[in-house]
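*Asks:* Sequence:
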Amino acid sequence: MASNKSETVDIPVIDLCPSNPHASSELLNAAAHYGFVFIANDPSTTGLTPGEIDTIFSLSQQFFSSPTQIKEEVSIASNQAGKNVGWLSQGIEKLDPATQKRPDIKEAFNMGEPVNNQIQQPLPQPLKPHAQTLITFQTKCHALCKKILTHFATALEIERDWFTTRHDQTKGPSGTVFRLLYYPAPTVGSGNADDIRAGAHSDFGSLTLLFQQRGQPGLEIRTPGGEWAAVPVDPSARRSPPSDDKRDGDPDSEGSRHRAETGALPILVNIGDLLEDWTAGLLKSTVHRVIFPKQQRGKDRGTVGGIEEGEGERGSGGDRYSIAYFCHPLDEAELESVPSRRVGEYAAAAAAAAAAGNGKNEESSGGVRRSVVKGDGRVMTARDHLMERLGATYTVK
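Here the working numbering is used: the first residue of the sequence shown is 2, the next is one more, and so on.
One should not assume that every hint holds.
When the alpha-carbon atoms are kept at most 30 Å apart in a straight line, the in silico DSSO-like pairs for lysine-lysine are as follows [stated by the list, open to error]:
no.: 1; residue 1: LYS72; residue 2: LYS129
no.: 2; residue 1: LYS147; residue 2: LYS102
no.: 3; residue 1: LYS129; residue 2: LYS147
no.: 4; residue 1: LYS102; residue 2: LYS141
no.: 5; residue 1: LYS141; residue 2: LYS129
no.: 6; residue 1: LYS148; residue 2: LYS84
no.: 7; residue 1: LYS102; residue 2: LYS129
no.: 8; residue 1: LYS148; residue 2: LYS72
no.: 9; residue 1: LYS172; residue 2: LYS141
Don't read these hints as lab results, they were simulated from the structure.
Take the sequences, apply the hints, and build the full model.
*Replies:* Set out below in structure tokens:
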């Protein structure tokens, strides 16, 4: 049984700038070991400025603070139900349906991919005047995902466009979703030991880009040993206060810490199920969750699953907002094996270890892929996989 005690995981921060010749191999190594990696947010490389990110967070806060009646007009349970778009109220989503006793304590707003530079769903009034801003942000997120996928192809020694052609939105629809997330602060007396902001799950698609805000921790990943490890919002935050003799310019100085607290946060990237499937488990679709940090729970909430706030991670003790871009392949993309020597060697070694009784007893790890052949003998597509996961996740009333 996994422990609820959490340490902080040291996920690397990788710079994708052209002057870093090791970016591809560094990305692959991090994805194979952690399933997560931070990307240094240099706008000249990522295409996303801190101002653009702040604007989306501001729009998100405006939407979630709107009256319930306005949000219900674009509910996922309305005329858009079944398309994975719209507003999800609390009680709709349960990301760990096998073991989770209560639904996630969160709200979300899902947007599908734009078509011909047009949003394909109703937008609520707080967002409607800013449709082009939302489209531009999604377009830039997708471009960054394609850049990362190209790096993976390079590291796997396959054609550079092997992944990107399967994520070319001009060729057909996909399950890509742009999601605004709001995790409300607990209220006094409202707690239950089983409450969780987002249950343990792996992501459904290829890649996820996650944008966070300082002082709003809670994300954890499950390590290979079954322990939960906290993911820092800001990996550059120092774990201890600087000593009196530190000078500005020293990595532990007050000036350096101030720059870390005010500069652009890196973008957190995690591997989804389909990249894990394509690479026979070499790249890890790591199980993760979002918890109530211990200091937010109070005596009424108990401490099950809670963590102490990480040193250097200043928590607000209140709401948490995040922005996620879930990048999916084209609906009809088949979950065939990547034609990579490295993937083949990894799969063969994992199969040999499993045959010898040394394989890992984890879902879809160690070269064991999810069911990629349907009952009719047809290779599973990206859409097949997505529909299965959505069906197990949502409780639309």
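*Asks:* Check whether the Cα positions of LYS148 and LYS72 lie no farther apart than 30 Å.
*Replies:* Since the Cα atoms of LYS148 and LYS72 sit roughly 34 Å apart, the hinted pair is violated (cutoff 30 Å).
*Asks:* If you draw a straight line from the CA of LYS72 to the CA of LYS129, is it 30 Å or shorter?
*Replies:* Since the Cα atoms of LYS72 and LYS129 sit roughly 12 Å apart, the hinted pair holds (cutoff 30 Å).
*Asks:* Starting from LYS147, check that the Cα of LYS102 is at most 30 Å away, please.
*Replies:* violated, 37 Å
*Asks:* LYS141 and LYS129 were given as a pair; does the straight-line alpha-carbon distance stay at or below 30 Å?
*Replies:* holds, 19 Å
*Asks:* Do the alpha carbons of LYS102 and LYS141 lie within 30 Å of each other, as the hint requires?
*Replies:* Answer violated: LYS102 to LYS141 is near 37 Å, above 30 Å.
*Asks:* Take a quick look at whether LYS148 and LYS84 sit within 30 Å of each other, Cα to Cα.
*Replies:* holds, 27 Å
*Asks:* Has the given pair, LYS102 with LYS129, been kept, meaning a C-alpha gap of at most 30 Å?
*Replies:* violated, 36 Å
*Asks:* Below or equal to 30 Å on CA atoms is what counts here, so check LYS129 against LYS147.
*Replies:* holds, 27 Å
*Asks:* Given the hinted pair LYS172 and LYS141, is their alpha-carbon gap at most 30 Å?
*Replies:* This hinted pair holds, its Cα atoms lying about 18 Å apart.
When each numbered hint is compared with the structure, violations occur for hints 2, 4, 7 and 8.
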